[in-house]
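The residues making up each chain are set out below.
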Amino acid sequence: MAVLNVNPTRMELTNLKRKLVTARRGHKLLKDKRDELMRRFMELVRENKALRVKVEADIHAANTHMAVARSVMDEAALDVALMMPTQEMSLEITQKNVMSVLIPQYDAKFKTADANDIYSYGFAFTSADLDEAVGSLSDILPDLLRLAELEKSCQLMAAEIEKTRRRVNALEHVMIPQYEETIKYITMKLDENERSTTTRLMKVKDMMLEQAHHYEQ
Amino acid sequence: MYKVAVIGDADSIYGFASLGLQIFPCVDPHEAANTLRHLAQEDYAVIYITEALASQIPQQIERYHSQPIPAVVPIPGVKGNTGIGMAVVSKTVEQAVGSDILK
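Sequence lines, in order, name chains H and V.
31 is the number that this note's numbering gives to position 31 of the first sequence; each next residue is one higher, with no gaps.
Add 217 to a position in the second sequence, counting from 1, and you land on the number used in this note's numbering.
In case anyone wonders, no lab produced these hints; they're calculated from the structure.
In this text, all values refer to a predicted model and were calculated from it rather than measured experimentally.
Incorrect hints may appear among the rest.
Within a straight-line C-alpha distance of at most 25 Å, the following computed BS3-like cross-link-like pairs (lysine-lysine) qualify [as the list claims (entries may be wrong)]:
1. H:K28 - V:K296
2. V:K220 - H:K33
3. H:K111 - V:K220
4. H:K205 - V:K296
5. V:K308 - V:K296
6. V:K296 - H:K163
7. H:K96 - V:K220
Some residues of chain V that are not near chain H, with every Cβ distance over 12 Å (derived) [unchecked claim]:
8. Y219
9. G232
10. Q239
11. D245
12. H247
13. E248
14. T252
15. H255
16. Q276
17. Q277
One side of the interface only, derived from the structure: several residues of chain V facing chain H at Cβ under 8 Å [to be verified]:
18. M218
19. K220
20. Y231
21. L236
22. G237
23. A257
24. V263
25. H282
26. S283
27. V290
28. I292
29. N298
30. I301
31. G302
32. A304
Ideal placement from N, C-alpha and C gives every residue a C-beta, glycine not left out.
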């Protein structure tokens, strides 16, 4: 690992040591964040998969009813029956903070409170299969919304996990070793300087003594 | 207040209209991509799109994965389940974990 391009001075050493401490703490925190995010993510994604299987089966069933309705009623009558929906849905979104990821939570609001308002037609001229189809779709709706909520949460969390993982790896494999190496390099350099100063002083002392007293070693 | 939209071929999505969802029937992938873009700019929080169409415009859908709003969710249409929806979930797992461990 490359040593950073810094001057081997005492000040630089203190700075680097401080940075190393921060990097280590950041690394630990980010690692914890990653692990917790991963745990939550696995929970959500398991639920997501199970719900998707259920919703897909339910939609298939509803579509079967719809197909039957389509075959027993003529096209125009069906279009007329479904042309003017009486029910109207809107969503209220609240956000929940999970490890700094804001995941959405949907709350459905309907224009009319009556559950039967999903049938936008009179029952006289339509097939019972249409009622079945619309009824089963309306049963699926809460699951569909929950599915959207889960999938969005999973996508957002996956992006955040990826980001956090990259940061953890960068700190663990690049930043921290780099700081450690540089600190080692500066320490060695400073020690070396100290040793050379000591030897120089000893040598000078010898020379001075020899001059003053004509000592022979 | 946000709204919910459904994009897909008319046969697959007609039923949703009676529940109070806004439906946008179309069969052409280009048109679907345009509709999706317009809806994402307006106040639609959830956009359901049939798998048949979703499989033809994966990039346009993927763009919204990192944004909090809207959620674009593939649903099976009348032609049956193509497995695209599950593939999207698996892809998310792959992104987060590195490989799909829930197979």
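**Asked** What are the numbers of the hints the structure violates, in ascending order?
**Response** 1, 2, 4, 6, 8, 9, 10, 23, 30 and 32
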